[in-house]
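Chemist: Going down the list, the protein sequences come from chains A and B. Heads up, the first sequence is in the numbering used here, so the first residue is 1 and it goes up one at a time. Heads up, the second sequence is in the numbering used here, so the first residue is 1 and it goes up one at a time.
You may find that some hints are simply not true.
Short, incomplete list of chain B residues facing chain A, as computed with Cβ under 7 Å [claimed, not checked]: (1) 86; (2) 88; (3) 106.
FYI, nobody ran anything at the bench for these hints, they're computed from the structure. Note that beta-carbon positions come from the ideal geometry of N, C-alpha and C, so glycine has one too.
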Amino acid sequence: MKRLRTILLLAITVVFLLAWAFPIVWSVLNSLKTDKDALAYPPKLLFEPTLDAYRDVLFGSGSILPNLLSSMIISLGTTIVTMVLAIPAAYALARLRFRGKKFTGFYVLATQMLPPVGIIIPYYIVLRNIGWIDTYQGIILIYLSFSLPFAIWLLVSYFEDIPYEMEEAAYLDGASRLRTLWRIIIPQVRGGIAVTVVFVFLNAWNEFLFAVVLSGNTVRPVTIAMFNFVSVEQTLWAKLAAVSVLAMLPVVILGIVAQKHIVKGLTVGAVKGGGRR
Amino acid sequence: MSARGQVVFKDIWKKHGEFVALKNVNFEIEPGEFFALLGPSGSGKSTTLRILAGLDAPTAGQVFIDGKDVTGADAAERDVAMVFQSYALYPHMTVAENISFPLEMAKMPKAEIAPAVFDAARKVKIEHLLDRRPGQLSGGQQQRCALARAIVRKARLFLLDEPLSNLDAKLRLETRVELKKLQRSLGMTAVYVTHDQEEAMTLADRMAVFMAGEIQQIGTPEEVFAKPNSIDIAGFIGNPPMNLVQAKYQDGDVFLGGHKFETTMQAAGSRDVVAGIRPGAIRLGGDGLQSRVDLVEHLGDTAVLDLDIGGALMRVRVSDENVPKEGDTVAITARPQDIHLFDSQTRMRLS
Ligand SMILES: Nc1ncnc2c1ncn2[C@@H]1O[C@H](COP(=O)(O)OP(=O)(O)O)[C@@H](O)[C@H]1O
Ligand SMILES: [Mg+2]
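Bound-form chain A, shown alone (with noise of 0.2 Å):
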């Protein structure tokens, strides 16, 4: 009974784990051939591996690694003003006691659920009104009002774990309000902010809805620059793979950096999400 039980589950996660590994394996693999490789049919699954995708798309004519870097700075900058901001924010918030507390939590979650084609026309004019389309701070401005309500109420619920006498004896000891942060709280959440960051970057990194509308010719996040693969009269498929094979290698070295924090940090805040007032 058991051992039935222990089989099913593994052939239940393997059967999710094709297919979330297909498309990723399908991009390794085209990428790793020729346009003309690419679009055989039946796909071909013995042929011989080139690195000319790659060379093409990095060093080649429309080069993505402009596009690379616009998407790292517009990552970067989003989840360091996030942080920055939604650190002291969320800690002001698990202390604080007030009215309509409860209302903040699902404020939050409202706008997480806006759908965003709603909003893009009134922040395309508002950003268009200060002349901030196609810059870098238009587009990460536009990305905080999502970002900062989210991390600000991922980390709140860290915070709240900390009970409040350990800050009392933190100033009993004589340290200050921002030291008694920075050296007894902060460290503690450690796991959630490492969670938030890779959240918000990752959101930020694999936005391409408010990207299209905003972003213009300084300003291409690799997101949007993938597309010059595809046109009416053909598609490369072998360099929209390795495209996005590029694309992805951010996200995956972050995933593996940061493992042990969010499987932790995950599980961590679903037990306590559960349990909230």
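Chain A is fixed; fit chain B with the ligands onto it per the hints.
Modeler: Coordinates of chain B with the ligands only, in the frame set by chain A:
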């Protein structure tokens, strides 16, 4: 240099909205004293300690430490150390880092910190655990770590809020003794919150007894035990606590279950009182109040009897040699000086 660690609480009130947590609290603590704040749960002891520490502000009144008005001063400015009931250790730091934290904050030179940390750890016998984290310590070791963190810096005051309540009974007794020795050897002023009257009796030089946000009595443990100020204190202190029964007072005597007991009161006249007699002050035999033994509790070298005196319960502590049996009838007497009289209306002491 004058001795450090003197405390004055002057007319302190604390309100939470309509609720009055502290009602005009006044007391003074002398340097080097072990001062206990004793009272049942919810009586305002922790509130008092937190106001002294600067973690809460009083609604009215003033706090002085070493003659200086610190009422509005932050906790960090007061130079007081505290042991919390939860210990409040920093979980991400090792024991050594926990203990050194207050020294770092006081900007002690690096070279002096390590020896000071070791010294404090040695005093509470955890010098072999300096590299551990709090999560890897037993409850007793965590408690010691919290103690070490509090004593490492020579603070003016040493505040403790129920520091032993999370330990098991045996460890609690051991630690109690060590705590007293530690405080004596350091010569620090200690302010100790507890709801355990035995703890306060054994540790304190003097104590303030809290009832519902008010101090009802301040004195040495002996004084409070010998002459409790109110029915509430009388019923709170001693184990088992004082017997308290409704009685009739007349011209220097009090009538319990129809029997006359002489008292030390002289006043003429007649009135309703509550008479108190400690279980250990009651003698068996002689020409006394006849009562039936309902229950015998053997406690080793002593026994506690539940007596029925005309419908009321009277508990008596006797030595283990001549214990009557359940169902026996015994006569009880008490010396005049062992009979405490309280006003049944104001609940305050009369004699
Ligand atoms: N922040 C607060 N708001 C309302 N009531 C409080 C607050 N803090 C303490 N109290 C109340 O004040 C009373 C005294 O509390 P405390 O000093 O903690 O008692 P204890 O003697 O058990 O240490 C309790 O009845 C408690 O419920
Ligand atoms: Mg308390």
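Chemist: If you test the structure against every hint from before, which numbers come out violated?
Modeler: none
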